[in-house]
Amino acid sequence: MSLWFVFAVMTAAAVFAVIWPLGRRTAPGQGGAETVVYKDQLAEIDRDRDAGLIQPAEAAAARVEIGRRLIAAAEAETATPSVTRRGVRRAVAVVALIGLPLLALSIYWNLGSPQLPDFPLASRALSPAASASLDALVAQVEAHLEKNPSDARGWQVLAPVLMKLGRYDDAVRAVRNVITYGGDTADRRADLGEAMAAAAGGVVTKEAKDEFERAVALDAGEVKARYFLGLAAEQDGRKADAAAAWRAMLATAPADAPWRPLVEASLARVGGPPIAAVPDTDAAAVEAMPDGDRSAMIQRMVERLAGRLKQDGRDVAGWLRLVRAYMVLGDADKSRAAVADARRAVGDDQGLLRQLNDGLKELGIVE
Amino acid sequence: MTRKQRRLTMIGGAIAVLAVAAALVLNALRDSIVFFSTPTMATEKHIAPGRRFRLGGMVRPGSVVRGDRLAVTFDVTDGNATLPVAYQGMLPDLFREGQGVVTEGAIDQSGVFRADTVLAKHDETYMPKEVADALKKEGHWKDDYGAKESGARESGASESVARSVAAQGAGR
Amino acid sequence: MIAEAGHYALVLALGLALIQATVPFIGARLRDQGLMNVARSTAMAQMLFAMIAFGALVTLHVTSDFSVANVYENSHSLKPLIYKITGVWGNHEGSMLLWVLILAVFGGLVATFGGNLPTSLRAHVLAVQAWVAASFYLFILITSNPFIRIANPPIEGRDLNPVLQDIGLAVHPPLLYLGYVGFSISFSFAIAALVEGRIDAAWARWVRPWTLMAWIFLTLGIAMGSYWAYYELGWGGWWFWDPVENASLMPWLAGTALLHSALVMEKRDALKVWTLLLAILTFSLSLLGTFLVRSGVLTSVHAFATDPRRGVFILLILCFFIGGSLALFAWRASALKQGGLFAPISREGALVLNNLLLTTACATVLVGTLYPLILEVLTGDKISVGAPFFNVTFAPLFLPLLFAVPFGPLLAWKRGDLLGAAQRLIAAGIAGLVVMAVVLAWTHGGAMFAPLAIGLGVFVIAGALTDLAERTALFRVAVPTALRRAQGMPRSAWGSIFAHAGLGITLIGIVCETTWSSEHIAVMKPGDVAQISGYSATLDDVGQRQGPNYREMIARFTVTNGSDLVGIMTPSKRSFTTRGSSTTEAALLARGASQLYISLGEPNGDGSIVVRIYHKPLVLLIWYGALAMAFGGLLSLSDRRLRVGAPKPARAPRSLQPAE
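Chains as they are written, first to last, in this note's numbering: chain P, 129 to 495; chain A, 180 to 351; chain V, 1196 to 1855.
Simulated from the structure, these hints should not be mistaken for lab results.
Certain hints may be false.
To be verified - In silico lysine to any residue, SDA-like type, Cα no more than 20 angstroms apart, as pairs: (1) P:K334 / A:N259; (2) V:K1532 / P:L198; (3) P:K292 / V:N1347.
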């Protein structure tokens, strides 16, 4: 409540500042005038002459010149009388009384957040756990690490959180610190590379690639690093190398590896033939089932998805998932049919269509 | 002197000074400016040995070799072409392998870029604009400078990276 | 509540600025005193609200209220108090709020102390001022609002940027802004004169103190920025012809020209149209400086704002004010009455030469600064225009100007006697030549340019002293009489003597530093000795130290001169682990006006370290000279004749309100 009181006082002050001069009678000849300046210049010349700074002759010449200006200015001043325009003054007063508060409030309404209370450090200290959001926890950990930079475990905890928060550059530094203070291992190198790639917006930069290579050098079976090396090859346009890298991964991978679907999908994207057929839905659970159940379940899920999309055709992500599932299942006809269905369902909504086309392009389907 | 003559004197003086200034500027623009080039541009255009230019790119990781008396050699690359650089002196604080760098100098007869200046960077996030643009064009861009654009770039990265790119696009 | 009150105050200030921008114009058109006086009260109220807004932001930073996005992003609860306060303008939003606060304060000052101005002129000036203010309030509210809140406030702030935690960088932007924004007053006066279609000697007198004030701040700001770069960037350079530096130099050059042409206008009622144009150009260049720094079009050391939306908005402001004012000038200038006559050889003529050279030099800087941008837009070629360009364009224009400086004050108004002035300068000329010869003999076969330039510097200083001697008739009358005359001399005369001498001092500093600075780079181990310019620096040890939020590698040097101990120098290199950045803390040791400068480079694995040692002869003169110039400006400002306009007429003392 007091906030609105403060606003009211400030508004009143502002309005008063506009209205106050309007209510006053005007005295003629108010304010300064040029003549004052010239009179002062004359006095100045006298002073300079008395101090011997200029010669009497020069002084006389200057006096004549300034005198001429003085006379001209004096004439001009008497020629302009002042008037009082009551109508205009009243209009201005109305603008100030109504327009100013209205304008201020409407702008403030759009920009301000009057409902939010203050949150200074002092009041926070009284109730420390009041709003311990993730950001706050991270900040606490960071503050701790700032003082103890060699705490490798702290960095180890912080790094994945920073990745989740999207603070990739900080994550890169955090992982670097893990390596510096906690020792160099393959998975840490791979994490570092991943963070670098994330910081570059998903592009496996030269720098990131070096990290993955180091990781693989330390442990040839480092999965993440091998996956990203394939990705780097793909981004460089060497699709065959990428496919080879990923195929090699799949060849040696245990059947129940949770990363299988990802690598398979990537492989499908670069045009390599899939080795096994596992859709990307809840892979681990499916993996645990006996063979017969598994394919039946996959079929059921795909059908369920297809059925749902018949009801609600505007779910572009769903369509893409369906197309990919058919592709992974090796059913080219059905996947083509699904693309056609998706096109129809999306209709002429340009936004969705673009989204769909982008997604299809990513899946490697280009028409 | 009449009023007209006085005015002519003034105008003449002004024109003379302006002419001198224009001549100086044109002359300086011919001789004293330095073009910026990436290794690719340098190799494509066959910049003559001895002609000064600024070379920008990334320091190729693993290429920095320090010799005696502060001599140092490293490769500057933009992903496509690489140019060896020789420099003697103190490197700026933020000179690092894999980071952007701008050097000034000329190519010598043997094809080595003899740098006499390696530009200092103000802080971690400062990437010389020319380098950033050039690297972006070559697709080997790495720096938080590009954070804003990076959300829009296609990524074929892992699920976590793809998700985080989306988050970045929305969050920043 | 503090944040919201500050936010609302900012909105109210915008509303008041809009009223202040329109009502006084109408009032002046209708010749209604009451309407014109609205300018005064709204200007004061606007100043009040801008102060409330800025005060609120400072309070928020001091109390670390992280529910405000600006505080969260740019502060940290562990920052020392002083850096919490300076951090307010260490970021884009806060710095723009400071900009507009200074604008509002200048407006308020005109309203408060402008009692000696004719009412309509004051109304027009304040209205133009409000146009500028309104556009910047809008800019802040729309694109750079510092009062945006976070609904779920984080516990701790993000940034503790070590580079910005430096007192030099904390002081330098406000000084620059005071300069830039100060020129808005002369701009407003110029526009007001164009609107009224009337300009005369009195105008120049009213506008001069404001110009002078802005000029002093800008001089100090540039000097401060240059000194900061010198000691903080760790490689001993003090001027890089970086676009951001140029952006502050251009308004300084134009402003210096404006100061001198306003003098001609005040004394002789001449050069009126030119002075108006200069006032417009000076502020335009100030706006350009703000634009160049704030929009991020130049990626240079100072550009930390990279949002293109802001750039476009500032570009619009720039086009509106520069284009609009120049169009108004083209339309109205011919209607202004022509001024007085003078011979080419006269004080006026000398000041015209000064203006000509200053503005031309300014134009070359402008070309050098904008050419790369334009070329890149047009052809896509990327070039860099650096020191070599400015050395061959700026210097040849500035050196003749320096040579002419001593002549100006010795020439009479209207019709001067060049020969007489030259005769009176013989002593100064001889002093310059003697110094030149001595330096030439001493350096023996070195560069010719340096002794010449030093001789010129001495000539400028001696010329300023000659002016003093002439005015006091020293050597012609008895010493007590001369002293009395010196006392009676107007302070503005003292001011110009100081400022001109400062110019010579700075020149000498620049030449000595660039010519005879010696550099010694070496890989040193503890116990090693480096020899430089007769000094020997022994590296005693290299240690590590933990600071509050950084680790520091600190080296200890004992500097001796022959067998005398000169001092201990401890340069260091700080690395901020969590932020991954490092700063170089150079060690400076002053010997007279010369300095020894040590900064550390990379440590090698074997315990040795790369060390850079400079001996910079008379380098401090560069900044001493700038201080002398600013001091001269201050003296001139304190001249009672100029103390914000002419003295009040003999009238009963009044309060701030207009009397009845």
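- Could you grab the alpha-carbon distance between P:K292 and V:N1347 and see if it respects the 20 angstroms cut-off? Within the cut-off at roughly 18 angstroms; holds.
- Is it true that the CA of V:K1532 sits at most 20 angstroms from the CA of P:L198? holds (16 angstroms)
- Message: Against the 20 angstroms threshold, does the CA-CA distance of P:K334 and A:N259 hold or violate the hint?
- Response: With Cα atoms ~12 angstroms apart, P:K334 and A:N259 stay inside 20 angstroms; holds.
Taken one by one, the earlier hints all hold for this structure without exception.
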